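Visitor: Sequence:
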Amino acid sequence: MIKRELPIFLVVGTSTVLIDFLAYRGLIWAQLFSVEIAKGIGFVAGTLFAYFANRFWTFGHKAHADGSVWRFIFVYSMTLAVNVLVNSFLISWIPDNFPNLQDGLVVVNKFASSYGFINDEINIILAKLLNKAEVAIQIAFLTATVTSATLNFIGMKLFVFRTPSLSE
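Counting from 1, one number per residue, gives the positions in the sequence shown under this note's numbering.
In short, the hints are calculated from the structure, not lab data. Keep in mind that this is a model prediction, so the values were computed, not measured. Among the clues, some could well be false.
Computed cross-link-like contacts, DSBU-like style, restricted to lysine-lysine with a CA-CA straight-line distance of at most 35 Å [unchecked claim]: (1) K39 - K3; (2) K157 - K3; (3) K39 - K157.
Work out the full structure, taking the sequences as your base and the hints as a guide.
Guide: Next up, the structure:
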């Protein structure tokens with residue numbers, strides 16, 4: 001069962017992030033809302049998609065299960081909190097605990113440049129992207145996203161869309 005659900009969950013999760021991002025960027029581009037309100041609308045749009053896609057497609061619940069909406073909101077609220085906490089912690093922890101991170105990135109950049117993999121314009125962009133703070137942000141975002149996605153799957157499988165036992 002999990003072999004079927006997990007790949008579908010990953011597709012739904014990726015689609016959820018994409019919907020959130022596109023709604024957020026689209027609303028900002030159209031100048032319809034402030035950044036904060038646009039982000040909130042994007043998050044809600046992604047969350048609504050995630051609920052219905054996971055309910056019908058990932059976990060195959062055709063009929064409405066009593067309390068599933070509230071359980072979904074609870075799981076997403078908890079994993080949102082975990083996401084923010086992991087992200088914040090790592091952004092502050094990584095630069096202090098990996099002081100030579102920048103040096104390693106500079107070596108990789110010089111190696112790629114010397115073999116012609118990187119031209120001057122790309123080198124300038126990489127120099128901006130590969131500073132210690134930016135790398136910390138990228139690692140923190142990825143780690144927080146993987147952590148919250150893992151907890152979301154477990155919460156959805158075991159709590160939100162659990163399959164009732166025969167005695168229920």
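Visitor: If a hint holds in the structure, say so; if it does not, say that too.
Guide: Hint by hint, here is what the structure shows:
no.: 1; hint: K39 - K3; in the structure: 33 Å, holds
no.: 2; hint: K157 - K3; in the structure: 12 Å, holds
no.: 3; hint: K39 - K157; in the structure: 27 Å, holds
The structure agrees with every numbered hint stated previously.
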